[in-house]
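The chain contents come next:
4 protein chains.
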Amino acid sequence: MANIRVLSDDVHYTEEHILAKVQYETAHCKRTGDTIQVTPRRRWLEVRTARRPQRTGVMLVGWGGNNGTTLTAALLANRAGLRWETKEGERRADWLGSLTQCATLRVGSDDDGKDVWAPMSGVVPLLHPDDLEVDGWDVSSLDLAAAARRNRVLDVEVQRALAPQLRELRPRAAAFDCSFVAANQQERADNVLPGTRAQQVQRLREDIRDFKKAKSLERVVVLWTANTERFAEVRPGLNDTADNLLASIERNETEVSSSTLYAVAAILEGCTYINGSPQNTLVPGCLELAERHGTHVVGDDLKTGQTKLKSVLVDFLVSAGIKPTSIVSYNHLGNNDGKNLSAPHTFRSKEITKRNVVDDMVDSNPILYAPGEHPDHVVVIKYVPYVGDSKRAMDEYTGELMFGGRQTFVVHNTCEDSLLAAPLLLDLVVLAEFCTRVGFRPAGDDEYVPFHSVLALLSYLVKAPMVPRGTVVNSLFRQRACIENVLRACVGLGPESNMQLEHKLASPTV
Amino acid sequence: MANIRVLSDDVHYTEEHILAKVQYETAHCKRTGDTIQVTPRRRWLEVRTARRPQRTGVMLVGWGGNNGTTLTAALLANRAGLRWETKEGERRADWLGSLTQCATLRVGSDDDGKDVWAPMSGVVPLLHPDDLEVDGWDVSSLDLAAAARRNRVLDVEVQRALAPQLRELRPRAAAFDCSFVAANQQERADNVLPGTRAQQVQRLREDIRDFKKAKSLERVVVLWTANTERFAEVRPGLNDTADNLLASIERNETEVSSSTLYAVAAILEGCTYINGSPQNTLVPGCLELAERHGTHVVGDDLKTGQTKLKSVLVDFLVSAGIKPTSIVSYNHLGNNDGKNLSAPHTFRSKEITKRNVVDDMVDSNPILYAPGEHPDHVVVIKYVPYVGDSKRAMDEYTGELMFGGRQTFVVHNTCEDSLLAAPLLLDLVVLAEFCTRVGFRPAGDDEYVPFHSVLALLSYLVKAPMVPRGTVVNSLFRQRACIENVLRACVGLGPESNMQLEHKLASPTV
Amino acid sequence: MANIRVLSDDVHYTEEHILAKVQYETAHCKRTGDTIQVTPRRRWLEVRTARRPQRTGVMLVGWGGNNGTTLTAALLANRAGLRWETKEGERRADWLGSLTQCATLRVGSDDDGKDVWAPMSGVVPLLHPDDLEVDGWDVSSLDLAAAARRNRVLDVEVQRALAPQLRELRPRAAAFDCSFVAANQQERADNVLPGTRAQQVQRLREDIRDFKKAKSLERVVVLWTANTERFAEVRPGLNDTADNLLASIERNETEVSSSTLYAVAAILEGCTYINGSPQNTLVPGCLELAERHGTHVVGDDLKTGQTKLKSVLVDFLVSAGIKPTSIVSYNHLGNNDGKNLSAPHTFRSKEITKRNVVDDMVDSNPILYAPGEHPDHVVVIKYVPYVGDSKRAMDEYTGELMFGGRQTFVVHNTCEDSLLAAPLLLDLVVLAEFCTRVGFRPAGDDEYVPFHSVLALLSYLVKAPMVPRGTVVNSLFRQRACIENVLRACVGLGPESNMQLEHKLASPTV
Amino acid sequence: MANIRVLSDDVHYTEEHILAKVQYETAHCKRTGDTIQVTPRRRWLEVRTARRPQRTGVMLVGWGGNNGTTLTAALLANRAGLRWETKEGERRADWLGSLTQCATLRVGSDDDGKDVWAPMSGVVPLLHPDDLEVDGWDVSSLDLAAAARRNRVLDVEVQRALAPQLRELRPRAAAFDCSFVAANQQERADNVLPGTRAQQVQRLREDIRDFKKAKSLERVVVLWTANTERFAEVRPGLNDTADNLLASIERNETEVSSSTLYAVAAILEGCTYINGSPQNTLVPGCLELAERHGTHVVGDDLKTGQTKLKSVLVDFLVSAGIKPTSIVSYNHLGNNDGKNLSAPHTFRSKEITKRNVVDDMVDSNPILYAPGEHPDHVVVIKYVPYVGDSKRAMDEYTGELMFGGRQTFVVHNTCEDSLLAAPLLLDLVVLAEFCTRVGFRPAGDDEYVPFHSVLALLSYLVKAPMVPRGTVVNSLFRQRACIENVLRACVGLGPESNMQLEHKLASPTV
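Chains as they are written, first to last, in UniProt numbering: chain W, 1 to 510; chain A, 1 to 510; chain S, 1 to 510; chain G, 1 to 510.
Any given hint might turn out to be false.
To be verified - Calculated pairs, BS3-like style, for lysine-lysine (alpha carbon to alpha carbon, straight line, at most 25 Å): (1) W:21 / A:21; (2) G:87 / G:114; (3) A:339 / A:382; (4) W:87 / G:339; (5) G:87 / A:382; (6) G:382 / A:339; (7) G:87 / W:87; (8) A:30 / W:21.
It should be emphasised that the hints constitute simulated quantities derived from the structure, not laboratory data.
Every value quoted in this text rests on a predicted model; they were computed, and no experiment measured them.
Turn these sequences into a full structure, and let the hints guide you.
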């Protein structure tokens, strides 16, 4: 696939940077009586993007889990161009399901007026997956070949081909507090860090430094793809400020979760921390710490299957003027994630992240919903060992039509859980690395401003996006447009308007 | 819901017009070796919108059909604020399912950084449904009360309440050529125009003038919501040019379909013509005629149910880097549309409009699809009298994931056919009327250029959008963004970028 | 539909009775090494059926609930031959969904070798629904017209037509102990019996006698179709024997549920008691009491929707040699039953009755299942107010095929809860009345033996059939065959063999 | 699994035979006015079963097709006790999905009153699959290893393990007339018998004799599991009598299909012929020929997936008094069967066999259906290459409830086509062999009468059962009961009554 090169006075490709000038518009609204006064404000923004991706490594918490082994196998398989036999014929390694590797965006039209599309990595320089190093922790000491066998995700043919390499990969001992996960997780925990929370943080930091040094890395991303924990209490004095959180760790406070220890270690080491599970790892003190250290955090929970589709369907209905009145979402899965979620307190974390996904769409349409009105919305997750990693989502959406009519969608969705998650893990790392290379400044300012330490840009990839301020957006197409338009801005292109007026008017002079 | 008023030097609200200045960007692409050179071009565009909606009437072809009676009943019911009892409680008339009446768009943020949303009619002045007059033709002479009873769409309570008014509405005699529809349609055809094609066109034109005069209308929209016809042959000398088409009508050529007669009559009377069915009414000669007379045409086929959802789901998958490999779409319905489609030659028209909907999405992603590669795609429609107007769509989407994994969506969609279609008919009329009030010019030009006579802007509402030139867009979210951004341009707002950088950077100075 | 009359030396129709002689076979099995020795035993059985149905009334506990009002409305509507208008045309009252009113059984072949079918009531004399009187209790004092309006089950047209009659029907004050149901049920409880448990039993007995006398009834059936209660504790001294149970009631023990009070009152008044909900009303002491008083009890829980289908599908799979490995059953409903089941302790009762339904089928096939092996089986019920009485069941059945293949059924079942339940209530009453008229004796014995006080014959109609001894049968087709063959025996016909050898052999001499 | 041995004066196990005496009841019906007079007739029947299964071979027409290769692989794999690795763990060969190998029937109760179950082969001696020889014809010359690779049904691991044996198996040249199948089948036809129809029949007979001799077989079953052909014309003089058919073959009449040639060859060689596809191979002349030669034929079409389930669900609904009003059945598949069925004339054969399946159930219930009334019933089959052998069936069943309510089942069924079919092929062969060993006679007669040459007993296994006279039964549970009760009769057990009165009466004396 081709790279694009923008030819414009507003864009300069230097050795080190892409320097672009774009117009950016906001609009301020003020309600007066029956009228909303909208005051648009347009200004020039300069965007600077470092052109060279950094030498990057990802450290996975839960490396031997289904997602961890699948991502690792995918990195190895793609690097090697692995081919294997299946009953449907030969397959080869690919990155299907990855936004950065397999999706495209429209960059303009050719001489014939036909749309021209390019991959994201053709617009701005992105880290190549073959260049990504991987390491991690796991409460189970199984090497990755043994873990892959246990996890039952990869074809036996693939397992066999990668076994020699996977066997060499052994997770580091993990911070683990069983009171935060389901009791049934204790059985596999044979590779656990001893000591107090403070000692554990210390050890995790050493692990990061060790990895960084061993692989000569410039950047490390720490990514939690381990078990869902229960929510930690958020309490003044405990974890409400960076200082209180650090002090609580020193005091070995039991209400500081293991995941928060990883986040703190990552932040203190200047790493980006990504929370791929629903729990509230990123307590206020943690966010303050990230801000203080100028590192990025992303959260919460990977958006792969049912919720992703829901954020599309509800958006579709509401934006068509159809009123969703009941949304019932059933899930079952049989992997270790499901096993852990069979405990009520861990399920509770999951339920919360899954429940909020329609709120902003409901709020967006006061014609359909009176203030305080919501559709009935139910989310259920059950553990059904037999289906393994082949997660099933069964949803029923009911919407109201005119004259009291009803539209009902019933959806059965078979989605291979880890095969959908692994490319998202890659996207998170690739885009997180990219985000550290971009700065913005109002034209004329001296300083480029980086992204906020809470990386809202990656909302497309997470189920319950954390945002620094303002409104959460769950509409999947809006989230994707945001990424697309930021990438476009990096090379001096305005936001995709989809207007194509040049094809719509009576005379093509426009 | 509030109206918006944009405060900006670039927007002027005069007595008669909204005059706005916006920047419009296009990008020209040229492939050189491995690189695509993108040359953006940004220029100022002036947009003028007449503020007063015209006094408008719609003439429905197939007035007594399910869509026609439902739209008419909805107009009456909403105008009267009708309430009726159902077992679920009292209901009142509404326009659920209408883009123009029940959807919103984001116009900016308030003081608290919260998004502010407005209905489309709050952004630009749109025709109010209560002001729309309705008339029409039908091959059946049943008055609309009797037709509603036969059609089995509306609650008996609603039928009873509206019967006195509906009973007064009697369709005009219709142009009808049974060789273009299923033979089973003959039974209800007791209200048919006699004479040659030329005489029929003449009579239809008189009908239009009669309606216009009787209701003192400034604008009439003619909207085909009658039976799907088979495709007409397109042949040099027959219907390839405006003149040939007119001559063929004079010669009473049998291959000129009834629907084309309506289109010709409408165009000659300066009306907008909308083709709500899949057949190729708008043959090249017809398009030339519209262009010559400066009237608008819209086509083809209403997009209500299965195809609409498909254009969302395939877009979602492809834009997430998941590769749809098989799309199987089954439909059944029991209304007269289904009965007519049970003939192979009419079904063929339908199949064609439904088949093409994924083509542009496949073309948009050369990473997923090799040149010429397509997913398996099957569309079936069956007539099942028992289900009546309650159309059922059953789809199976299979997509490929990494490591040969598969994601399968199975969707069962119960969609009340006419209750979904009626608000779309309204939207088509409202937006078509609006389109006649808007003009564009490059800053500095003298003349405002209207929309092309082929109204591509309304693609969101039709299944197989006709476009004047360039690429068809089937992605529903892109189609909607197009409408939204055109409305925004009318009041001087730039395209919605979804970036919200002011919430995403480390310092809010941007 | 015709009645049948069996002409045979083995059958005598007297004024009062049908006296029939049939052969009945059992087989005793003894495992010896690798062989099972089967010793069949065939003997003549005499069956006596009283021909005149008794003048019968049913007293519904939860009369004003969805099932209660629907059954009552159906009785009134059918008696009156009610017709009403719907958008699909005129409908008239019927008993669709009733085994006794709308199902048939094969009685033989005609001269042309064609099967001849008759309704159950054509084989033996059954109570006619028009002759059934109805009365009942409810914790809400709403008359049945008001209750029907609240319940949102019946068309407004039907409600209007029946309102004058329904308005006259007012439930008697009910025994109610909120600790056994969800707290949310308190709100509607304005019609509750005061006093101790003993006083309540006394009052319920008076109600029964009052109804019996007022309507000159010979037989009363008391049928619980009220809320699901939580399970009552079963404890020696409390409710393990009839005497202990009666003493506990005297002592006003809080662990004796309201439903058990109804059962006790019914038994003491010689009534049949039917438990249409899942709770363990029929504690051991209650069963002993029924046996002592020679009355019948039936339990537990109506079998209408998901479980009924499951008992068919799993039977189908297992009996075809396909191995179900995972059964996942999701339900949601929005009626008061759903509201009450949203409390964990009432849901628990429901879950238990729904979980056991596959056990006997698993046990029946030791080729498919090793001892102790079971399919994964999950049952979920959620309260979704919007769907009202229109219950939705979503199931996924996975079964294993040879070579590791899998068959997956995904079922979405929209089942109007009370419209399915009401005919079952009728069937329970009709068949329960019938069961009191039948006796069996080995040829030569003096005494006819009635059905056991636990009426296992009605297993077809209940979700978790109580049986006096031996194995529960959940296979729906076996349960139905049992009823069919008992009815056949009453008129001297052997069990339906389905062999039809006369059509299968090379010469028809057989 | 244990064998059973019946201890009874009515059963004798000799060295060679099982001789059993059972009572068999029929009932003759005569309608007089409003009454049906039923005259039961009970008589003693003697059943003789030869105990030793014959040395049997099956010759598959379409040996290299998906069903053929799968059955062959299953025979080899089970004989060898093959185990192989899958990502879910080790699997071993089994016969899941086979009635004769994996299903059970109840034979009685043990000392504790618990049901005792036995496999069919435990009740009567059945051919063991390990003893079955296999051979066949195919239009493609691929050896079975290559065919299995092309067919994409078996795991690569299984293919690898069996390849050495499969490679040795090469189909014999096949009779092939492309005008009877889809044109697309021509491409694989490189192994076709030359010559006239008469010469082909001669050659097929030699093939059968060759196989019989090479493997020292006593019995050969010829089983068509090749492509669906279009229906052949049935015409006096052509194929209406045995003699005419033989003469037509001699004359090389083009309207005699290839499948009929196989049937004729089989019959003339004294083989049982089974038609596993829907076409009308067994024209009247063919049936007469079979009768004349005293051989068995079975037809038509394997019953594996959608139709099987339909015959269960419709039976369930109708026998519960619920009225199915619309049945819509969509199918798609991507194997060669689907490819061949994409031609209208072959699809037509399939549609016919699939359409009739509900007729007898509708006829069985004149309460639900007025004379001539039928549910809407639609069947669609589409070719979707991507899904391969993983056939998908999507059905929607709508039924009417009381008060105009509706119950809707939507079913999505993923069924591995050949993995479901292969065990059925085995069952057909095993039961067909068994049927040649059984004879019946009225007590006192001299001669045992064999099964009719049209083997209706095997209806459970075929989609459109051929029966010699009398009514077709499509109810799956009735079909199964028939087989079960015939097997029981062979060992002197009466039909399964499901009554279990010994557990249902007040005193267990019965």
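For each hint, the structure was consulted:
Distance restraint check for residue 21 of chain W and residue 21 of chain A: the Cα-Cα separation of roughly 21 Å lies within the 25 Å cut-off, and the hinted pair is therefore satisfied. At most 25 Å may separate the alpha-carbon atoms for a hinted pair to count; residue 87 of chain G and residue 114 of chain G exceed this at roughly 39 Å. Between residue 339 of chain A and residue 382 of chain A the alpha-carbon distance is near 9 Å, which keeps this suggested pair within the 25 Å criterion. At most 25 Å may separate the alpha-carbon atoms for a hinted pair to count; residue 87 of chain W and residue 339 of chain G meet this at roughly 19 Å.
The hinted pair formed by residue 87 of chain G and residue 382 of chain A fails the criterion: a straight-line CA distance of about 41 Å is larger than 25 Å. Among the hinted pairs, residue 382 of chain G with residue 339 of chain A is consistent with the structure: their alpha-carbon atoms are about 21 Å apart, no more than 25 Å. Restraint check for residue 87 of chain G and residue 87 of chain W: the C-alpha separation of about 14 Å stays at or below 25 Å, so the hint holds. The suggested pairing of residue 30 of chain A with residue 21 of chain W holds, with an alpha-carbon distance near 22 Å, which does not exceed 25 Å.
The structure does not agree with the numbered hints 2, 5 stated previously, though it agrees with the rest.
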